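Number of protein chains: 4
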Amino acid sequence: MIITDSLLDFFLETRSHTEAICEPLEIEDYVVQPIVDVSPPKWHLGHTTWFFEEFILKPHTENYKEFNVDFSFVFNSYYETVGKRVVRSDRGNLSRPSVKKVYEYRNYVTEGIKKMFLENQNDTLNGLLEIGIHHEKQHQELLLTDIKYILGNNPLLPEYSKSFEDHPLESHEQDWISIEAGIYEIGHDSEDFCYDNELGRHKVYLQPFSISNKLVTNGEYVQFIEAGGYERFAIWHAEGWDWVNQNRVSAPLYWHKVDGSWHHYTAQGLQQVDSAAPVTHISYFEAFAYAQWKGNRLPTEFEWEVAQAYFSWGKRWEWTESAYLPYPNYQKVDGALGEYNGKFMVNQKVLRGSSVATPSKHTRHTYRNFFHPQLRWQFTGIRLAK
Amino acid sequence: MIITDSLLDFFLETRSHTEAICEPLEIEDYVVQPIVDVSPPKWHLGHTTWFFEEFILKPHTENYKEFNVDFSFVFNSYYETVGKRVVRSDRGNLSRPSVKKVYEYRNYVTEGIKKMFLENQNDTLNGLLEIGIHHEKQHQELLLTDIKYILGNNPLLPEYSKSFEDHPLESHEQDWISIEAGIYEIGHDSEDFCYDNELGRHKVYLQPFSISNKLVTNGEYVQFIEAGGYERFAIWHAEGWDWVNQNRVSAPLYWHKVDGSWHHYTAQGLQQVDSAAPVTHISYFEAFAYAQWKGNRLPTEFEWEVAQAYFSWGKRWEWTESAYLPYPNYQKVDGALGEYNGKFMVNQKVLRGSSVATPSKHTRHTYRNFFHPQLRWQFTGIRLAK
Amino acid sequence: MIITDSLLDFFLETRSHTEAICEPLEIEDYVVQPIVDVSPPKWHLGHTTWFFEEFILKPHTENYKEFNVDFSFVFNSYYETVGKRVVRSDRGNLSRPSVKKVYEYRNYVTEGIKKMFLENQNDTLNGLLEIGIHHEKQHQELLLTDIKYILGNNPLLPEYSKSFEDHPLESHEQDWISIEAGIYEIGHDSEDFCYDNELGRHKVYLQPFSISNKLVTNGEYVQFIEAGGYERFAIWHAEGWDWVNQNRVSAPLYWHKVDGSWHHYTAQGLQQVDSAAPVTHISYFEAFAYAQWKGNRLPTEFEWEVAQAYFSWGKRWEWTESAYLPYPNYQKVDGALGEYNGKFMVNQKVLRGSSVATPSKHTRHTYRNFFHPQLRWQFTGIRLAK
Amino acid sequence: MIITDSLLDFFLETRSHTEAICEPLEIEDYVVQPIVDVSPPKWHLGHTTWFFEEFILKPHTENYKEFNVDFSFVFNSYYETVGKRVVRSDRGNLSRPSVKKVYEYRNYVTEGIKKMFLENQNDTLNGLLEIGIHHEKQHQELLLTDIKYILGNNPLLPEYSKSFEDHPLESHEQDWISIEAGIYEIGHDSEDFCYDNELGRHKVYLQPFSISNKLVTNGEYVQFIEAGGYERFAIWHAEGWDWVNQNRVSAPLYWHKVDGSWHHYTAQGLQQVDSAAPVTHISYFEAFAYAQWKGNRLPTEFEWEVAQAYFSWGKRWEWTESAYLPYPNYQKVDGALGEYNGKFMVNQKVLRGSSVATPSKHTRHTYRNFFHPQLRWQFTGIRLAK
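Protein chains in written order, with UniProt numbering: chain A, 1 to 386; chain B, 1 to 386; chain C, 1 to 386; chain D, 1 to 386.
So here's chain A without its partners, still in its complex pose (with noise of 0.2 Å):
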């Protein structure tokens, strides 16, 4: 458990960074879903607040007055447990509450969240309150990548930032690392924060294996699109040549020929494509084919959390080949909050590491993130492991 001044302070900080990530908005760019996958930034705004309105001032505070009872209906995301909600695909349709309210719903709660603290602290409160916090960081990457995608898919390619470097470099060589067989123990195993799918710390057995000290570059990539890998079915899983065919992919989202040279869409806009700089917004699907073109496979989550210790990693959140399952003796918590994790173990992905969208504190190497193996528009990227 965390000291509880700092935790105060985490929130505060927390709260704010969220704003900070807003900073360059238009009220517009607040409202639309282009698809399914991304939310409104307003929604994000809106429904990190609500988590800690349902969960903690609401169960804990005496007399609480809600802000609006009609926000629990709007910004309630999954949580069955807790009542109806605006269908996901819906979000894009609601022009109101209006950003101007939803920021006024975030200073009343986190003006009671601090009321709150400052005039009763216990392990149960600060216990939510560090998940409310977790949970409102985890919404800040997607809410960065969000942003790109509504952005980066207005044909006007707006910038976002100036200042925002999504596509830095790995400026050492490649080299291989290699891990000897071996039972190896992982999973969480200290008193700091996690999520419960990391939890039941266990031995697992690998053979021996190499893996790559960086990830694959653009200029990787390109040698890859240019040798036909996504017109060769032999390297694709059935799925996922089923998927570059409908959705006619044929090079990772954000990419754009511009008069015969590869372009990609950043938060500085429209660039030209570093071969430098690591391949990201790929799918777990390109990431395998590619890995099969090159004659190489994906490390399995277990392998990277063992390796991990021997390369530097923190820019893309990496595919592994392992599918998203519990770990021995996974125990959901119960209530609302344990519909978080374990209800999506079945036909994801993990992926490890974390992004340059990541904010700070909120990664380790036990992490595990998910998706769907088609997904691209989180900062993803390719490690290779033989």
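These are computed hints drawn from the structure, not numbers from a lab. Being a predicted model, the structure only gives us computed values, none of them experimental. The beta carbon of each residue, even a glycine, is placed where N, CA and C say it ideally should be. Any given hint might turn out to be false.
[To be verified] In silico BS3-like cross-links for lysine-lysine, where the CA-CA straight-line distance does not exceed 27 Å: (1) B:K100 - A:K100; (2) B:K294 - B:K203; (3) B:K101 - A:K101; (4) B:K386 - C:K294; (5) B:K343 - C:K294.
[What the hints assert, rightly or not] Which bits of chain B does chain A cover? Going by a derived footprint, with three or more residues having C-beta under 8 Å, they are: (6) 52-61; (7) 68-75; (8) 87-98; (9) 147-158.
Dock chains B, C and D against the given chain A, drawing on the hints supplied.
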């Protein structure tokens, strides 16, 4: 052809009326598109402006500098002749251009037209200007009904305006007007503006018929509901019956049963349904089924045009039994403007009259409105014939 | 009312003609349903039989014993009045009842009708019998076109029959027939059988018009294709243009380009297209676009009915510009038989005439056939007007 | 490698067993495809034959004359390497080739293989023959379950066979088998036939676990239903919950409540559910939800393989918690046969064991079956672990 001095006034009045309709909106309300038939208000503002720029300023002004070359792509609606365009269902995904930018665009083009008009008038330009004005008036009506849809489908059911009265009464008693058999003339017959689909004045032979002097009221429609009208397949078209069941339709659009009594969303928010006011927001399928249930029928558009002099109209667009088809010797205008009407002459029904949302000077007794039979978001109504 | 002696002969001839149509089939051909509009031949055999059982034998024969109580569920088509039924799109999923069993069912019901008829005749029964016969004749046409679809979409393109000629020539020269303006009478006017949608003989006023004495030929249609007719949006309805693009339509149904020359599937298998024969298997959308391209138009159903005495017809069902709507004072029959026509009077176009697949005595100049504008599997054709 | 004399016997026995499975069918039953996952029996007969022709007779027999050059198009399943093919969802649209013709094709190829085998044996050919035999055995199981689906979804619910017992009992008491933690070997380890996905025998570390010696029974599953199992979202995956609601699932496939008691379709037609028999035709989603409800879980495929020696199995394919993923150092075979397994290793769950539909000699304790989590038409079952 109307007098040219007043043409500029007519233009300027039209431009400012569009903006007056939007006056009660929050910026967020300009952006969303909850269903494909409804366009974001921002899009209407830009599209009506683009129409003047594309068809008047660009071809007829020397050295005209477009406000923004990308706007043609964003604000073209369906004119295949004029190039690529944003897919209709994607209009609500566009946060940019911002509302502020769209208003700047409006001012730029309004000023451009004004300047051009003061420097150079001729019949061609005046004709185009007149079409552009009527085009914008047509969009004013859609703008109002789209705004109603956006707000009326928001879970917060916000008020639009205290002053817009969308449920006016007809206070006279219902009675039948009898029209004799004979040959009648149909279609536009003056020098005033009309659309190409009204031209080709021609004879039709009508059998004797009677038509109601009053629209069907909410009270009468409630009787239909309570008599199980929505559960009796025998009074519905096969496609209407499928529509009812697939969409679980059991009342007009915007109706909600609250504590056992019918309410509906109005420009002033949720209100109790007034039995005496004419029913609205019903599809052709519902209008037809209602008429079947009453043992009557809907009038044809020819019957309506012949009889309209004997009753008052203008509160509701009135569904007719007529399919939207070309009049004899119908001629499309050459070029892009020829895409205005003719290409929609299949699978749509004609509506006659006008509604509370129709701007002044934007209808006449020969006006032919048309929609697909399932649509309900216009201020549609039912007038019986027999 | 037709003479009763011949009515039994008419019935028996109709029953055996249905079976003659199926004579060239393999058992497997009776079962499949490649698209929802096409029903398995077995289903037609059973459904026409069920019609006699359900509407005549069951209600009008004492102690009638149904052949199989489950068949009502299997062979009802769309009569909501008569109870539950197999969903139309599932007809091709039913391997049972077997073809053998269906033929037993046919014999059982044919014998039942024969016995009833010989014992007991009255106007009601004769009227129902006449409807049942015409119903079966209507299905004979569908049976033939459904068989063509089943075989013509099989990759082996099997022959149906050496003797069925589906591409007869019209040898006369094309010319225009001129009809004067005036009031004409439309609708059925004799004691012979007709459907309810032809009744209500009434006056219409027609403008002067000309109509072709000849159907559009394959050769003419190839010119349309070669002139880029399928790529020119300006001659298509908006919905037609979407249909062309979504379905990648570039020629009539059953046409294949083999070694640079147009072939089509016929009852005798794949054959070279004969330029002189009338084009067929085109949708209303294509018929309309062709007419636009020629600078002509399609006739209305009223023009067709008035002019038909001056030209020969019967090879192709001819698309008209008319929507399928009720005649003045149209009255549906009471009960289930009232579901026959009226409920389809929306979103469909009228076709006039008949085709090579129409059985004898099954058309007349007042007959109104109707289909959705995109359908092509009937022997449709184009006759121009101007 | 198995002894070559018996290989021919093995081949001939396999070929005739496939035909024995079809013996009770009507010709019509061979043709239909009620859902995309189910193939017409005729197609299985042809496809298994095509496999021998395409991969053995064509490449390895001099001057081989194909039975029919079009059959490759008709009977290829998913081998992209081998050329174009009928889209899977269209298999049920093909009435030709006829069943008779398909049996002729079978005989032709069976004789061809026999002749080739008697003239020329070598390891390559024997290896291919062995694969072809196992491929056909795999299809025998699908053939049986597809037939069950075809008949069991026919409204007449016809009997398949008096002798096929699809609901055998397990008569022993339920008990838990405990397995100690430790390193275990997983994967195929003999000279006998296996698929590539079983190879790469390797170590895994297992935590201590217990596994049931008995499958979950119908009686136990009814308790789950009656306890509201299908209405409690908390025990379902999010995707499982959507599946339940979209498909209105409330019992296993083939179950019908008749007069208040549970019946199900069996090979002998509709029968009362036997509480003591193992439940079957449940999806992974249902197996998982059941285990959650019991406070247990499903075993992993590794736990199952290690523990299987201590219990009897073979009545039901048993869902495991494991996703279908490659074993360490998994290598696809070169060429078309390499498309057999690897390309399906995403979004599927592993099933272990075998079922009443599995032909003799077609399973082993290392066999890895796999299906999408929502599928139910196989004889699936539930074995709990904890």
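Hint check results:
no.: 1; hint: B:K100 - A:K100; result: holds, 17 Å
no.: 2; hint: B:K294 - B:K203; result: violated, 31 Å
no.: 3; hint: B:K101 - A:K101; result: holds, 23 Å
no.: 4; hint: B:K386 - C:K294; result: violated, 41 Å
no.: 5; hint: B:K343 - C:K294; result: holds, 17 Å
no.: 6; hint: 52-61; result: violated (count 0)
no.: 7; hint: 68-75; result: holds (count 3)
no.: 8; hint: 87-98; result: holds (count 8)
no.: 9; hint: 147-158; result: holds (count 7)
Hint compliance for this structure: hints 2, 4 and 6 are broken, all remaining hints hold.
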